[in-house]
Amino acid sequence: MIRIGIDYYPEHWERSMWEEDAARMAALGTHVVRIGEFAWSRMEPRDGEFHFDWLDDAIEVLSSHNMKIILGTPTCCPPMWLYQAHPDTLRWERDGKPTDTGIRGHRCLTSPTFRKYAGRIVGEMARRYAGKPEIFAWQLDNELDSNQCTCPACRAAFRSWLKEKYGTLDVLNKAWGNEVWSGEISDWEQIQPLLGRGNCPNWYNPAWLLDYERFCAQSTADFVQFQCDMIRSFDPQAVITTNACFPQHMPDFHREFAPLDVASYDNYPPILLPEDPEEPYSNAFALDFVRGFKRKNFWIMEQLGGPMGCWAPISPAMEPGMLEGYALQAVAHGADLLSFFRWRTSRTGAEMFCHGLLDHNNVPNRRLKELEQLCRRLEKLPGLGDTTVHSQVAMLYSADQEFALKNQEQSKGFAYWTQLRRFHDACMNLGVDLDVIEEHASLEGYKVVIVPTHFITEPEVVARLEDFAGKGGAVVVTCRSGVKDKNGNCILGQELPTLFRNLCGCHVTEYDAIGPAVQNLVVERGGDYKITGWCDLIEPDTAQVLARYQGRFYGGTPAITKNQFGAGTAYYVGTIGERAMYRTLLIEIFRGNDIPHMLLPQGVESSSRVGEDGRYQFFFNNTVHGQNLRLDGQKVHLQPFEMRILTPQGTWA
Amino acid sequence: MIRIGIDYYPEHWERSMWEEDAARMAALGTHVVRIGEFAWSRMEPRDGEFHFDWLDDAIEVLSSHNMKIILGTPTCCPPMWLYQAHPDTLRWERDGKPTDTGIRGHRCLTSPTFRKYAGRIVGEMARRYAGKPEIFAWQLDNELDSNQCTCPACRAAFRSWLKEKYGTLDVLNKAWGNEVWSGEISDWEQIQPLLGRGNCPNWYNPAWLLDYERFCAQSTADFVQFQCDMIRSFDPQAVITTNACFPQHMPDFHREFAPLDVASYDNYPPILLPEDPEEPYSNAFALDFVRGFKRKNFWIMEQLGGPMGCWAPISPAMEPGMLEGYALQAVAHGADLLSFFRWRTSRTGAEMFCHGLLDHNNVPNRRLKELEQLCRRLEKLPGLGDTTVHSQVAMLYSADQEFALKNQEQSKGFAYWTQLRRFHDACMNLGVDLDVIEEHASLEGYKVVIVPTHFITEPEVVARLEDFAGKGGAVVVTCRSGVKDKNGNCILGQELPTLFRNLCGCHVTEYDAIGPAVQNLVVERGGDYKITGWCDLIEPDTAQVLARYQGRFYGGTPAITKNQFGAGTAYYVGTIGERAMYRTLLIEIFRGNDIPHMLLPQGVESSSRVGEDGRYQFFFNNTVHGQNLRLDGQKVHLQPFEMRILTPQGTWA
Amino acid sequence: MIRIGIDYYPEHWERSMWEEDAARMAALGTHVVRIGEFAWSRMEPRDGEFHFDWLDDAIEVLSSHNMKIILGTPTCCPPMWLYQAHPDTLRWERDGKPTDTGIRGHRCLTSPTFRKYAGRIVGEMARRYAGKPEIFAWQLDNELDSNQCTCPACRAAFRSWLKEKYGTLDVLNKAWGNEVWSGEISDWEQIQPLLGRGNCPNWYNPAWLLDYERFCAQSTADFVQFQCDMIRSFDPQAVITTNACFPQHMPDFHREFAPLDVASYDNYPPILLPEDPEEPYSNAFALDFVRGFKRKNFWIMEQLGGPMGCWAPISPAMEPGMLEGYALQAVAHGADLLSFFRWRTSRTGAEMFCHGLLDHNNVPNRRLKELEQLCRRLEKLPGLGDTTVHSQVAMLYSADQEFALKNQEQSKGFAYWTQLRRFHDACMNLGVDLDVIEEHASLEGYKVVIVPTHFITEPEVVARLEDFAGKGGAVVVTCRSGVKDKNGNCILGQELPTLFRNLCGCHVTEYDAIGPAVQNLVVERGGDYKITGWCDLIEPDTAQVLARYQGRFYGGTPAITKNQFGAGTAYYVGTIGERAMYRTLLIEIFRGNDIPHMLLPQGVESSSRVGEDGRYQFFFNNTVHGQNLRLDGQKVHLQPFEMRILTPQGTWA
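Chains as they are written, first to last, in my numbering: chain A, 1396 to 2048; chain B, 1396 to 2048; chain C, 1396 to 2048.
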């Protein structure tokens, strides 16, 4: 069973409205309701004075309509009295000063005082609610980012973390290469968090930056563990998650979700479709990425329910079908529960134009009808909840690559996600499921492993890939892999791709960081493609050449190679191509590795969930245009944002 | 009699030059001279040591040439010794730190210490000069903006203002909707001014922001009242104004000018004409807007006298005719006195390339000749000073709408002034005079009242509009009216335009905040028009449909409606159209309400001043191209920037 | 002999690599190696504890391979312990707060504490190494910019500098025109450095800004003098330089290099060629500019050795021939020594992708081969080192013009270098050598002197130009000359170009600051040209008209004039034209003054070095395309970035 839920803020509405709201939710066919998030000032209006009566009341009203509760801990928004009494709970900005209160999320996750108060309120909630039958699950805090705070507590914690890691300053100075620019640290107190005005962070020591990113992400992960432990101390069986988003300062999701039971995500797909018609699969990527956090089905804690408008002007209206279609897309990629944001649009506060399902007028509308239709449709597919995605293709990701490439743009416009996205897009377009997995995850069960821009390189990861290929798997490695060691320094004295050279059977004699310039490449068996961003000039050792550059002073030089490695193969892609290049390359790889695929129109995706009863196959149109496809000789038409589902029985649902 | 004046800074020039300067001014035909503004350090070079001899001397020299004096109070620029001795007089910036001295206007209008010193210098001036026959009028300070200062005095004053307004924190928390994000205030000291780095102000609570804007504007208005009282304590008959401009932080002009005798404005029309040839009436709007501050004729304290260049690089040279034409445009819209900025271009200081009438070479030039020509021309129209503008059309404006929409852009690119400007442009282009009046002003005497984007909605204003329409008037309401209550929160449980629904006879079922996208609309009787920014999907209650959307999922849905209301009519315009749409709409409205209008070429405006002796009709060409028009069968040609005046006698002047 | 060198950082590499590195350098044919710069933390790891053994060792290893040493003082990068123990050594940013450590160059050159420590380390180095035969020369600090620091020491120093200059506040207030905006200073303590947030510096008093720029530049020059004195106290014969670059805050290079023996420059010509194909001579200008610092041959302390990538993403690969061609271009313009940056790309630190000659793989590559080829080629031209550039054309430059125009953009897009560059480009394109000389330098030996935008005008400079023209020379003066006096205030009561009016025989009746608009001009004898930025409307006194404006209200008005002045001529160019206009104008001037010139393809330059044995003529192709030229009837082809050298013997080398 796929559960549909609603995000509800009882504290925003008169008590007299609750009953009707709950009745309306239930009548639509929803099952769960998320509450509590942000309501600290109502739960503890004064230091140590706890008021849960209103929350008991809300839970009772909602439960009386058979809604299960997902209870949020309110630690994203401490009350004003806490900041006033304890300014050391404030997050400090990059300019080295406390943030100004007045928005939200002003707290430092590392601050011992904040930890004390956060622990107390979570403990009080857990003591009262943990294990109660009304409580379906817990959501910790809200949309946590990496705790890039510069407060004194964070400074001290960063130094402790470094002491723990390196032991002595000599070891640290060596690891960071501090001999450059007289950067040698002679006292731990000289170490600062990431400050810097204007020039920041491009001008900093990349090794230092990498450790700083790791430390901040660890602070966030520690805070998750801390809340998790608190709740489990009252109910070891509690189901706990936190709602991920992709913030400016990315956390290390794999660490963050390790102690949690289920991954969840705030799913806000594009309402105004991107201008680039080649970019339709971005949301599918986000969903596959989130499924990889715990390598199993996940939840959506906030699902797009109306036009956006809080951090930005109001967005355009949602197209007909969008609400339902985007929800089913999340299901197709592995979501088992979707809670819609939010019941009714707030009439106050900064989010008053971040629309919920209902507008301020509180009148039934087009979006509510689509939600009801979604509920009815899912009710007819009760077996779907017992299925999951089974991929034959995996792609490696790690926070280390994210952190290192974010702070050192390799050429103008070069971004870590570009190559991940291009391979993923090609898979979607070919109807092939793909898992995005952490670089240390097991490769068992996959036929193909894609390794884009593996910048920070550990011998152990390379060894496992060699083992995978040696036993018959296919590995795809791309440019800017093997560049750096685990400290974030360049690997000396080996020709690129250094540790991957043996596997790929080639080396790079020179590279051309062409940035936004566009050049050409010819694939030996099939077509010319535009390339941009980067060109590795390859010399094969044992590999064969699949594609060569055209033009410039290195026309004819190999650009893509394929190497026989044991029972398997290793591809090296020395450049960044247009989408069609990845499609051509993947078709060759899928053919060679018996991976079924199909040719879908641009913007249409197909994915599957498989269970004991068989396979549900999903066909989704990510575009504002109608699309036609042929399926086993049958012509299928998809309206804009339409999702069609082929059941194990071979019928459309 | 229309008075022409000169802005003069005797303290910038050797004493030996004054006599010749005054003689030259008088010879040109000017009557008044504005002095004193900014000269605090000369009036009080050391704390409490007053030197007015030089000013007496300057007044005597100028008066001896029959020039009347407008005396400026110098409070915009306190002397350096004041900042040094009393740093608490400094304005604090949004980053919560005192501003750096070195430019001008560094003072906080709220600071008690600044008030003390400002009061003393103004008092000393008033004691010496108030009531003297040489003194024609007083100008307070210079180009006051809203006092958006974050100093401790402002923090305290903001809290007091809120205590006064709300009484208790419970009331304030409710009014601001502080239950969102645990924003509930439990101690007045938790309330801060508008700080915020980067994210400011989009992420703040809009209700809070609205009160903050009101408070800051009130601080400015209080400061005007304070100086006014000081001067009147010496001369109750003193004529007092202050020179308005449109700064980044807009004051509440209607409050600010309430205690003053006459509105005045620093009139710097565009020298480099805007690239958009559809934008020629921007300066006419500014003038009509200023006339509305006190609903009577106004003054220009700084009239464009040469190429600009201070806050920006030097502007291009003024086109021939521009100096005279722009001055007469101000007269046409109600100016009774124009003082040109400035006699001679400064040879020192930041404004050394902000050109006056004379260049540094001090040689008679093209601009001086145009000024002389202007004086001679006005001398031939002595009755003009006894006339004023009589409009049959009014447009509502209020600072509350300004403040609320500034901080909450409704869709990407949506700005409060857009719709005001488009209706105004169409009136100018149709030769129809229009008053811009405060939303609480009397509607007596008007036939049509335009109500663009009436976002913050008071029942009393709506009631007066219903009364106006009921008695036969026409009201035009546009999209995003009726959205919010007086606290700045959204009106709950009513369909848009909420309080205006009864008057307009329609409601909005959904809206599409299309931002910069361009769509189409068809007017039932006449033409297709481009629309952008916003689309209300309208369902008529009793109204008839005038225009419908084309395309998107709501093609055919009503976009503009017309409702019979009592003896009058109410129009609802659910979108923002290109200029021609407003012209078409207004022609229909003017025809239905017997308002005479004519079809002028784009960029030509016609307006009138009426007195006991009859009507002066003005025809002004706002463009760099010659323009032809037909007037009662007669062909009239206007050179670039030419103003032609049809006198009550039916002759051209 | 032209010397080729290598920048080497022994402290970045294992001791075991030094020997092989030195051997490889020597084998390539290089002669000098620059070391020491940035290595303070290795020389003095703790306060007062000096470690030079490793440096002795490095010098010994390098010297044993016949490499001469250029020793850098490490004062750009003090060690972390110094900042920690003495925070008053930190540079303060424009926001009035100490900079954050973590990058480089954090020190204030004015700080007495920093001076003490910098003096001590330089003294220790000088005591140990000065006069040793291994030491070829000294490089002070690194890429010094104007010390625009706001620390307390700089505040005090600025006030002292002003006291020294003006004596009393009355004099200063008058010089700065502080009567404007009550800016009169009544206590020296009121004077601040250039702070200012957002509005800075456009809104400041230009006279104040000019003195501030002069003071900061003087601070840098003083610091150079200070280090220079320290080294000379140990070895009066020491050859000392510092490596210039063109930073955001430009120093006064002529003052800075006055005490030094030789000018040097860090030469990083464009790798990614500018999109504007009309802009190929930018690097030639930089080289001619640097030659003017001391009016003799100069050195390159950092010569482009690989793709860039530190303050920016990695640049594209260098084109074949670029490394060699750019190096020879520097020689052609007067470089006698070129040290390549750097031996091997760093594997750590912020510059890890700022490529040296060798990549991280340490394998011989294309760039190393070009370097070797360069060494071999120069070995065949031993006489080249005894030659220098002899120009017949000079162009005036001064830091005062730079400072004044930087802070007061005359029209939108108007920049000081524009007109310098356009005249210089035309000379390059005509194969004419040009010296860029300080405005007070002797004009002896020149036939033509170009005086672009001589904004700040001293009577003595004008007198020398009149003398030069009177004796038969040609002077070219352009718009915005004669505007200001030495205080930075506008010259009053004289028609532009004021002091230059007599020389040029014309005056400006009005100007039109047209900014980015493009208009036209007709040269009487030859062609229409596009003009932009500025138009002076000229009225000849005695001059003849060479070109007139087209269009606008001043069509037909003179734009360029030529005046007979004594035995010579003076041209006045009242506008800024496209490149072809300068070419046409210079051809006329060169013909009239017997200066040999040729017509080269766009992007090709020709320059000469002359010695006792005759002339070496250089032909360099600045473009990515092959170029053909005819030379004495002979067809010569230049590959992209190819340099061909015609020896005194008439052979190609």
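No lab work stands behind these hints, which were simulated from the structure alone. Check the hints yourself; a few may be wrong.
[Said to hold, decoys possible] Derived EDC-like pairs (lysine to aspartate or glutamate); straight-line CA-CA distance at most 16 Å:
#	chain 1	residue 1	chain 2	residue 2
1	A	1691	A	1656
2	B	1569	A	1406
3	C	1569	C	1880
4	A	1492	C	1490
5	A	1569	C	1409
6	C	1842	C	1855
7	C	1881	C	1855
8	C	1492	B	1490
9	A	1842	A	1862
10	B	1492	C	1490
11	C	1569	B	1451
12	C	1881	C	1919
13	C	1569	B	1584
14	A	1569	C	1406
15	B	1463	B	1451
16	B	1569	A	1862
17	C	1492	A	1656
18	B	1558	B	1529
19	C	1463	C	1452
20	A	1881	A	1839
21	A	1492	B	1490
22	A	1689	A	1714
23	B	1691	B	1833
24	C	1689	C	1452
25	B	1492	A	1490
Against the structure, test the hints numbered earlier, and report the numbers of the ones violated in rising order. 6, 11, 12, 13, 16, 17, 18, 20, 22 and 24
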